[in-house]
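Asks: If you count the sequence shown from 1, position 207 lands on 207 in my numbering, and the numbers rise without skipping.
Since the hints were derived computationally from the structure, they do not count as laboratory data.
Check each hint, because a few of them may be wrong.
[What the hints assert, rightly or not] Cross-link-like lysine to aspartate or glutamate pairs, in silico, EDC-like; alpha carbons within 16 Å at most:
no., residue 1, residue 2
1, LYS205, GLU109
2, LYS205, GLU223
3, LYS173, ASP88
4, LYS205, ASP132
5, LYS205, ASP96
6, LYS205, GLU225
7, LYS173, ASP98
8, LYS205, GLU147
9, LYS205, ASP98
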Amino acid sequence: MSFLLPDGVARWMGPLVISAVGLTVIFGNPITVQALCSGTHNCAIEWVGALSGWAALGGALLTIFVMTQQLEEQRRQSDFMTGNGSPDAYIALAVDQDEELLRWFPMLEIVVVNRNRRQLTIREFRFQSSDDRFDVFVKSVEQGGVERPMPLSMQLRTRYPHAHIAGKEEGQKAERCRILCHISERGEFRHFPQNPDLLRSIYMKVQLLGEYRDAINTPVALEAEANIQL
């Protein structure tokens, strides 16, 4: 994905640089200065020359900025292709059903995508919310289409998923892990209200802590946040 100049910048950058160079060539030579500035102390040509120099400097700095952005984008693409990319994480609302009570329960879904060639281990996560009455705990961990329920999840209420995500193979899709969490409010597991008008937006944020499994284990910290309707 290449970095393109905004249309507003591209329209004036070229003429600005060309004008700066032209003014410098025309008014910067001694013959022109002698002809137009003889006997004066505040020469307009000197002012024009100074302004054109600043304009040229601005154009050069803008060019350096654009090239830096392009190089950064190329580095990200190269890291993605070679398996040196950084892992991603996001959270979203999921739904679970209690078949006995015929009620629907909101769940917090945490998804981690490992774009690095090394195995990624997620040991624990920390939770923050705009409403202190809410908390979350691991219900199950799903990898490769296989769901691993957390034993006694409603009693233990743990935030240690111990998920191991395989590294990305070159040319293959990145491996991912889905951590499904109970949502509790004041210690009781939350369920959807019968009146939809009672739903409200709650800001939630998780910080996942783990490490790359390699010859030297490297710590990894990921963050994800979203507004969840509860």
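Asks: Broken hints, numbered, in rising order?
Replies: Hints 5, 7, 8, 9 contradicted; others consistent.
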